[in-house]
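Asker: Here are the chains, one letter per residue:
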Amino acid sequence: MSTSTEESTAKPVSRGGYWSQSLRVVYIVLAIWLFASLGCGILFRELLDSLLPSVGGAPFGFWMAQQGSIISFLALLLLYRFLMNRLDKQYGFDERDRS
Amino acid sequence: MNQDIWNFIFIGGSFALYIWIAIKSRAATTKEYYVASGGVSPFANGMATAADWMSAATFISMAGIIAASGYDASRFLMGWTGGFVLLTTLIVPYLRKFNKFTVTDFLGDRFYSNVARAVGVICAIFICMTYIMGQMRGVGIVFSRLFEIEIWLGVIIGASIVFFYAGLGGMKGITYTQVAQYCVMVFAYTIPAIFISMLLTGNVIPQLGLIGDFTKGDADPVPLLSKLNTLNTELGFAQYTDGSLGKMDMFCITAALMCGTAGLPHVIVRFFTVKSVKAVRASACWTLLFIAVVYLTAPAIGAFARTNLISEVHNRSYAEAPDWFKNWEDRGLIAWVDKNGDGVMQHSAGAAFAGKPVYTAERVEDAPRAVTNELSDNTNEVFYDRDILVMANPEMAGLPMWVIALVMAGCVAAALSTAAGLLLVLSTSISHDLMKKIVSPNMSDATEVKCARGASFCFLVIAAYFGINPPAEFVAKTVAFAFGLAASSFFPTILMGIFSKRINREGAILGMVAGVGLTLGYIVYFQFIAQHKEYFFGISPEGIGFFGMLLNFAVANAVSAVTPAPPQEIVDMVENIRNPSDAGSATH
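Just so you know, the protein sequences line up as chains A and B, in that order. If you read the first sequence in this note's numbering, its first letter stands for residue 1, the second for the next number, and so on. If you read the second sequence in this note's numbering, its first letter stands for residue 1001, the second for the next number, and so on.
Think of the hints as simulated: they come from the structure by calculation, not from any bench. Because the structure is a prediction, the values reported are computed rather than measured. Any given hint might turn out to be false.
To give an idea of the interface, some chain B residues facing chain A are shown, with a C-beta separation under 10 Å as derived from the structure [unchecked claim]:
1. G1082
2. L1086
3. P1223
4. R1281
Not the full set, but computed from the structure, chain B residues with beta-carbon under 8 Å of chain A [what the hints assert, rightly or not]:
5. S1074
6. T1081
7. F1084
8. V1085
9. L1090
10. Q1207
11. G1212
12. S1226
13. K1247
14. A1284
15. P1580
Built from N, CA and C at the ideal position, the CB exists for glycine as well.
Looking at chain B on its own, in the form it has when it is part of the complex (with noise of 0.2 Å):
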């Protein structure tokens, strides 16, 4: 049986999967379309929200990332499993409590205003269509790695595929099929894992093997990451336990991931499925523990990734270089230019080239693709694209086919999975939240159903567009800047909704638009208008976020302190939401 088969057999069988699932429970009713009845268990929902959180970026880049980066890379590691605790504790539980469909209801609600719904709005849908377009890319990718088609043809099969499931079978479909993907997920993830653990380490269980001594070879053991430090000191790479960023940066970079975390729409809408408050605390433990049992191996498979990389290229020749190489310098993704021609490759710090690599035309047998861009003047001679580190890595360790095969199956479920949550707030804002609530208030529950259908198609081609034309360069950069966006709005909004019965409907509409404001304008400017590197205090636009969020909790304040308070009703609602009692399902 050669690769291709193998490939069709696990995205073949994994689809077939979802679909049936999405058949199986398809949505009538508005109740089923947005909470899924509201009666799934803590359980379930935990691996559901596990694989909606998990992304592309997680699955695809984020080890890509920690190899790469080494200790800077734990910003990712800690902001996106330290801000379930901001939610679990902060927000998740009072939110089901309200009891309605989606964020944006809380926020019109506990605001008393339109004006604060229809910005909610735009923040949800801002936030989800910079998210999915990551998704969409990385569903192209894998599928153009794996078929050899263009990666839009891939993004087209990936967004049918997504818009059969999630399109038809609202949050009740998308439940039961991200269920079937974490599963799909956590063994193409930790299968590779533990074979690279046991062929480097000799330890089992990977997330002990990266603190675990370096086994391979003949030379005495050394701890790991030692050796990992040396090979990179060697190389002129800062300490792979050190790292680079300033402490600063980190600090802010972190903080703004964790509290976006705590204000995606697209994870708080998955805890109104569950029937109590009680569940939701015992769904967010589950939740937690999915994502750990990957967080944890990631940076394993960061530093594992790395070593054999290093090994496995630097200092060979063309001619000796391994099968993968080549694989992936078809798909464009590694490049090497013999700068001082003596035919071996060298790595070291710092590109290669300038961009991306462009490649000649013409293709050599048995010779590098050449490329035309402009060589930098440094001695780094190879240039790889960090997302094919996981997955490439079961070919770097030699695994056997089947384990690739599910590795790519497990890319395109991470993919596929948040795609779905994203796309489900993203039709539901424009159902419910927009017309439904502010345009058309007699609308029918049937007709409430056939918008958002409608809704999720026009968003899944805008995605889709996006995902073939990439605005930005890395998936998870963009990834990084729709947390900076829920840290400076949703997260500090309804933070102080619940925990504030002061703040008023001024107050919140100015200190949302004061906070994206200064995030957003942050992150253009750095982006796109600025030819410079040199941010203010040293705070890259990751980071930024952070400071949108300190922003809207000063506006707020300030001006909720100099105009009237909220009607007493709100100061009730507020009272209500802050007892767990008898949380019902869900109403309009």
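So here's chain A without its partners, still in its complex pose (with noise of 0.2 Å):
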């Protein structure tokens, strides 16, 4: 599209701002990730037991490695794609998908 390539050249310093901002969606999207996963499923898991309030009939831990950690990747990725294209918006990189 030659429409996008004529803004990325407009803002010089597009580029490389760009690379360094989609890296800190990245960097939180795997941060939230990596918590919800292997530290809560696994690491923490003994302690959530203990500590939290069971879901439903579940200890916390347990449900989380189950099926919690299953519904927080769902939200990540909806989250990944919402920042990600309000990212490309900015700078000019939005695409409208051709029928």
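Join the two chains, each given in its own frame, into one complex according to the hints.
Answerer: Spelled out as structure tokens, the structure:
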């Protein structure tokens, strides 16, 4: 798309800015990912089982390992999609879906 | 109407549908064959990826493993879904922008070397072959149960169907059959779960039934999981919600499964079929949503199946044993040995006897099939193959016959869809990566497609052979090794190729060789050579892929630091794939 190339040359610093901003999005998403899965589901499971209230009939850590983490992953992907699309728009990389 | 007619309608009907789709979307050009012309909608690709992704192991074995090992099985639940976060944030948007046909193309171009390409081809073939064997086995098991034929015949029927639509239709044929297969799978998985959830917990939504109360019978309602913990403890098992794997091992296996997921070539190439980087992000969300529907149901099915199994079998006499018990006994997947001679089946922790049941030739009416295995000295008298828990679940709960037929159709859909995706990667790695890019670059488009079809036929024959004579015990276990290999080869190397401009040819190649070498060596050593299970630092072979990956990172960085930096055009290429705009449609 020619328009986006023009826009990105119009902002000389934008390339580097875009990359560091998208890296920040990736770091945020992956930090939460790590905490919700390997953290809550495995490393701190016993702690969560005993400290936090049960989710229905399931101990909290166990629930995180079997269901909670999967729900968080889904939420994280939606967050990633939202943040990256917003970033693309800011830097003029946004593409209209061609039919 | 009896069960056989229902089975025939469901399996026959779904096969007719797949073949009809395949004929409608037969591929003629390489672009259609490899990436379905790059115009699949994010929603349809999400469904297709979910079907591609959920294998016979997921569909048939996972709930059984959860039922048998409770919390420990969370490694599969988290590992096989968490990998999609890595895949989406680190790999696929950039590879889609890179805009080629295969994953190995990226390795060959980014590391400017046909050696890297060849290492990629070998890894891809290795990963996909390990994986596809399990699928073929799965098809065989289902067919043998359904039509009372031998497993080998079932494998051959499955292989023929896959060849028909994947070999001929390529990615275009696969994509739309996978959409249909996802629909079959999701109904087949959730409908029995809904029925059973209502029976056991009174909750219509099985995902909530897991955390609900057990309300069957006259007793006061107790949380289902507490009930299971009590049952487990009484029979000498570890608590259902605690498990028995070491924390370190659990961590490594889960991490290896996650990184492996993000490096599986047959999943990555599915995202090459959508039209832009933005569509990749949307498609990834759909994919995980479709997968989550099944993965959130699986722990519920596992818990329900275990409750049912214990209450229906433990402390019952053989005469009172339910019909499904005898059905599966006929198939050789359940066995009972009366160790204490009281005529009652006792189930407890430990294996009832060594290995899989080996039956004596005669089958006496109304008596258990006798086995010749050496008995173990614990009190457990019941052997069951964990793979039957999903397939026998509807029978255990006494569900209508059409539900049982639907589950069988779902099992077949799960195995076929994954086998088709794998077959595509296998055939393209020969026709495109090996023949076109390395051996004869002047090959015409039409010859390349022919070559891909020929390769897929050869690979199917090999896969069918191993499906009939499986080298490893469990469908799921074989698959777990494929993940270790993907985690130690593709994932770290692709990741460094995108996120570092400094990693060069030498680093990438030696990194892959070191990572795969460690992983493969460790697995082979503990599976085939060592007669003991004293793993180093308690890391089982399933988790070693995590260390293979770390070693790959370390070697690649160290070697790159002391060898010349990649040329300027490679640095420009990396710059270019980081920019999401104008991904265009795939080219050679």
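Asker: None of the hints should be skipped; say for each whether it holds.
Answerer: Outcome of the hint check:
{"no.": "1", "hint": "G1082", "verdict": "holds (5 Å)"}
{"no.": "2", "hint": "L1086", "verdict": "holds (8 Å)"}
{"no.": "3", "hint": "P1223", "verdict": "holds (3 Å)"}
{"no.": "4", "hint": "R1281", "verdict": "holds (4 Å)"}
{"no.": "5", "hint": "S1074", "verdict": "holds (4 Å)"}
{"no.": "6", "hint": "T1081", "verdict": "holds (5 Å)"}
{"no.": "7", "hint": "F1084", "verdict": "holds (7 Å)"}
{"no.": "8", "hint": "V1085", "verdict": "holds (5 Å)"}
{"no.": "9", "hint": "L1090", "verdict": "holds (7 Å)"}
{"no.": "10", "hint": "Q1207", "verdict": "holds (7 Å)"}
{"no.": "11", "hint": "G1212", "verdict": "holds (6 Å)"}
{"no.": "12", "hint": "S1226", "verdict": "holds (6 Å)"}
{"no.": "13", "hint": "K1247", "verdict": "holds (6 Å)"}
{"no.": "14", "hint": "A1284", "verdict": "holds (6 Å)"}
{"no.": "15", "hint": "P1580", "verdict": "holds (5 Å)"}
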